Amino acid sequence: MSLYRHKYALLVRRELWEHRSLFIAPLVAAWLLVLTVLLGAGFSAERLVVGLPPPEELREMINGQGLGHIAASTLVGTTVFIGTIAGIAVLFFLLDALYAERKDRSILFWKSMPVSDTETVLAKLAVGLVVVPVGTVLLATALQPVAAAFLYLRMETLRPLMDASLFTGWITGFGRMLLTCVFVGLWYLPVAAWLLLASVVSRRLPMAVAFLPMALIGMFESIAFGRPYVSRVIGLRLLPWDSQAAPLLTPGQDILGVFLDPELWVGLAVGIVMVYIVIRLRRYRDDT
Amino acid sequence: MTAIIEARGLTKRYGRGKVAVAGVDFTVGAGRIVGLIGRNGAGKTTVIKSVLGLTPYEGGLKVLGRDPARERDHLMREVSFIADVAVLPRWLKVRDALRYVEGVHPAFNRERAESFLAATEVKLSHKVRELSKGMVTQLHLALVLAIRARLLVLDEPTLGLDLLVRRRFYDTLVNDYMDEERTILVTTHQVEEVEHLLTDVLFIERGRIVLDSSIEDLPGRFAQVVVGPDRLEAARALGPFSERTLFGRTALFYDGVPRERLRELGEVGTPSIADLFVARMQEAA
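So the sequence lines, in the order shown, correspond to chains A and B.
Under my numbering, the first residue of the first sequence is numbered 1, with each subsequent residue one higher.
Under my numbering, the first residue of the second sequence is numbered 1001, with each subsequent residue one higher.
For the record, the hints were derived by calculation from the structure and aren't laboratory data.
What you are looking at is a predicted structure, and each value in this text was computed from that prediction instead of being measured.
A few of these clues could be false.
Stated by the list, open to error - Each computed BS3-like pair below joins lysine-lysine, with the alpha-carbon atoms no more than 25 Å apart:
no.	chain 1	residue 1	chain 2	residue 2
1	B	Lys1062	B	Lys1093
2	B	Lys1133	B	Lys1093
3	B	Lys1127	A	Lys103
4	A	Lys103	B	Lys1093
5	B	Lys1062	B	Lys1018
6	B	Lys1133	A	Lys103
7	A	Lys7	B	Lys1093
Stated by the list, open to error - Reference listing, derived: stretches of chain A covered by chain B, where coverage requires no fewer than 3 residues with Cβ under 8 Å from a Cβ of chain B:
no.	region
8	7–20
9	102–108
10	112–118
Quick reminder that beta carbons are idealized off the backbone N, C-alpha and C, glycines included.
Kindly produce the complete structure, drawing on both the sequences and the hints.
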């Protein structure tokens, strides 16, 4: 049996059939980027989201930092942009994943198949934490040659500067982004598990079940202590990109430390416990 | 007779001591079509959920020799289940439905499902939401008939469907699905719908089995006599467990009264399952 028709492949494909935004959103984001390049309108060169600074500026950057470095940064920037959009799609997907099947009563159909609750829940997690992130990196990488070809054709002044270091830049950038995928999978596991938990227990609004407790904690903290403690931890968990995970996005920095952060592993342990609870709840949740 | 389902003292308690199923014993043999018949809330669905490993229970229960609570995933390779034939995921394309089941179910034969669908109006490019209830039913049948399952469990499968669709559903099941190795357990409260298909009946009331009989054994045990007012007293003297009066004539139902004695009163027949069910429920009330 081909891999594409393997049981686990179908468990993943089934999610993409139902939640088309998981691939449409990143594709739209990618298309927007292409459009930006085509129109020649540039974003700031500082964070290097794909886009075109004026040719002279670009030349200076290449001369200063090296083409490989620029190529890697561009790949990172592209991935971050598409990844942010994809992340929002994943958020809605996870909230819906174990709720919609109960709402439309199709859960009894899914449960009539020889697929365990563990497989079901893990497949949904894998879609959010592995398939979409890796897909995002692949998509972002595929865009780089397109952008470079455009530069090559349109900006003659840049041509002499474009050499093989472009490719080495992409390759190091790609490796870095794959490592970032590993980080994303580990770091966001408790977040994804929490969203699935809200999805599996919710009777009406999974979004409210997921976010109301967070909002209440934040309000309580600001009234009782005047400072955020728990909500700060939650905030960092949602957006680690300016702190813990920052080295991943900046070419040339040490990334090993990111994976040695105890907070990563504590979160992972909490996430695994929540996943276990989610599986148990889907197994015996009885409201059909 | 190989036991496909064997329940011994099957019990299900919900919180606060509410007992949904109170220690029932029953056996479902291979090649049988068993109707689990009861009113709403009698415990039918709880029994079904236990059999399918969808809910924890107490007591002994073996399905195809396995413990459904612990071996559900394995069990579902040999058991098919339809809760409501008109419900499939609305966003699913027919083609993808076949792909999915083919991918996850080792006993699914895609050619069989496709050839079944070819005889219907359902197209592979359709989405479930574009199909009528009757067409969803046919898709569901195509999926289930193409699975080489030993046990098919149906829980109120035809609720809310029109008579034509219901009739076609059951006819297809009996004609295309059943053979001596395959077994069906069906719950319904529309008794008339299934009574001509069943080989066995289980009546359930308030979590207890109140009748467990094969259809061929029913005439040996139950009888009905219809009498006019002139003979009503004599008929009542023989101890019917229930009676029903329509247009001045009364049908009386007997359990274990020899037919020879009833013949003096009038023509003796075997009550229909529906009559029997109603009579049993009135008696229990």
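The hints, checked one at a time:
Taking the CA atoms of Lys1062(B) and Lys1093(B), the gap is near 36 Å; set against the 25 Å cutoff, the hint is violated. For the suggested pair Lys1133(B) and Lys1093(B), the alpha carbons sit about 15 Å apart, so the restraint of at most 25 Å is met. Distance hint between Lys1127(B) and Lys103(A) is fulfilled; the C-alpha atoms sit about 18 Å from each other, no more than 25 Å. Using a Cα cut-off of 25 Å, the hinted pair Lys103(A) and Lys1093(B) holds, with the two alpha carbons roughly 19 Å apart.
Only pairs whose Cα atoms come within 25 Å are accepted, and Lys1062(B) paired with Lys1018(B) is accepted, the gap being roughly 24 Å. Under the criterion of a C-alpha separation no larger than 25 Å, the hint pairing Lys1133(B) with Lys103(A) is consistent with the structure, at around 18 Å. Between the alpha carbons of Lys7(A) and Lys1093(B) the distance comes to roughly 18 Å, so the proposed pair stays at or under 25 Å and holds. Counting residues of the region 7–20 of chain A whose CB falls under 8 Å from any CB of chain B gives 8; the rule of at least 3 is met.
For the region 102–108 of chain A, the assignment as covered by chain B holds, since 4 residues bring a beta-carbon within under 8 Å of that chain's beta-carbons and 3 suffice. Three residues within the 8 Å Cβ limit are the bar, and the region 112–118 of chain A against chain B gives 5, so the coverage statement holds.
In this structure, the one hint that does not hold is number 1.
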